[in-house]
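All chains, please: the whole structure from these sequences, using the hints.
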Amino acid sequence: MTARSEWTRIEMLRAVLGGAAGERVLYGIGDDAAILAPAALPPAAPADAVPAESAPGGPRGGASAGAQELLVWTVDSAVEGVHFRRDLLSFEDLGYRATMAAASDLAAMGARPVGLLAALVLPRDVGDDELLALARGQRAACDALGAAIVGGNLSRGGEISITTTALGAAPAPLRRDGARPGDALALAGPVGLAAAGFALLDRGIAPASAAAERAIEAFRRPLARIEAGLRAAVGARAAIDISDGLAADLAHLARASGVRVLLDPSALVGPDLREAAALLGADALELALHGGEDYAVAVAGPGVGALPGFVTIGRCAPREEGASEVALLEPDGQLTSLVARGYDHFA
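Numbering (this note's numbering), first residue to last: 23 to 369.
No wet-lab data here; the hints were simulated from the structure.
It is possible that part of the hints are untrue.
[Said to hold, decoys possible] Pair ranges (Cβ atoms, derived):
hint: 1; residue 1: Thr-334; residue 2: Gly-173; range: 37 to 43 Å
hint: 2; residue 1: Gly-226; residue 2: Gly-280; range: 42 to 48 Å
hint: 3; residue 1: Val-256; residue 2: Gly-280; range: 19 to 25 Å
hint: 4; residue 1: Val-256; residue 2: Gly-52; range: 21 to 27 Å
hint: 5; residue 1: Pro-353; residue 2: Glu-239; range: 44 to 50 Å
Being a predicted model, the structure only gives us computed values, none of them experimental.
In this text, a Cβ means the ideal position worked out from N, Cα and C, and glycines have one as well.
Written out as structure tokens, the structure reads:
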């Protein structure tokens, strides 16, 4: 069997499943979440018949006052041995992380959470105490999100699996395909810090500083940037969840929008990451670009760096034939092409 990347397999599935959308599915497979019209709205044209500038709710990111909200629907799985190890996380951490990971997709769409479903698969060695601890972690995340888990499923299996479905609402959901050459690129949330926290735990390095403790907290208790996403929904043209690595996820945005992303390396590494990387003997910029599990939100649009909670990290340029989708813009003006190396379930 030919080995294929996760993204290639998603595209294979999209080719088979993508044409089966109902009349109320405005945008299906291919973004951080699907977009659906609520039953109160008349049937809408399919997504490919709706230009980016006339997408539901008005121009990209420009929801009009009083616009009816659309539904934003996503799902995320956390599987033991693939996404997490029990020796590094408590059961409360597991529940919290799984819930925030699903909600982060809503943040990237500029949607507020409405409700969540959780399907749990538990092996025999997980007892009631562990189950309740996991639920407490889910509840803590839901309290922070202002939403609730309203149902789900419980089953027995060989390893822990937590599948979380999140439903959100937004007048004009953001998508990946709206960026234009000349747009600024901005980021809400640190990148690389969670990867540093994982490495500290994995190597058994005691957190000898507040920065190291914050790195471990970023790994154990990530935060979905819901408020940042809501602010970005007015002004941004495109957005994406940063969870598989900054370079890899921005390559998805660049591909969908037909642009090239140029990153300012000096804007990517904060003091906490620099200090945690030094403890590890690691390259801080490498962690920022390729670490993963950040659950940050990247947005593109005119002046998005001025949005509260965001920092400018680069810009969008015209796509060039044969050029990488993402590159570093060095201080001397030279471009360093980046391989979109991030988390891939099938690598």
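Is 21 to 27 Å right for how far apart the beta carbons of Val-256 and Gly-52 are? Since Val-256 and Gly-52 have Cβ atoms about 24 Å apart, the given range 21 to 27 Å holds.
Take a look at whether the Cβ-Cβ distance between Pro-353 and Glu-239 falls inside 44 to 50 Å. Violated - the Cβ-Cβ distance for Pro-353 and Glu-239, about 32 Å, lies outside 44 to 50 Å.
Quick one: are Thr-334 and Gly-173 within 37 to 43 Å, going by C-beta? 41 Å, holds
Cβ-Cβ distance between Gly-226 and Gly-280: within 42 to 48 Å? With a Cβ separation near 46 Å, Gly-226 and Gly-280 satisfy 42 to 48 Å, so the hint holds.
Taking the CB of Val-256 and the CB of Gly-280, does the distance hold inside 19 to 25 Å? 24 Å, holds
Taken one by one, the earlier hints fail for this structure only at number 5.
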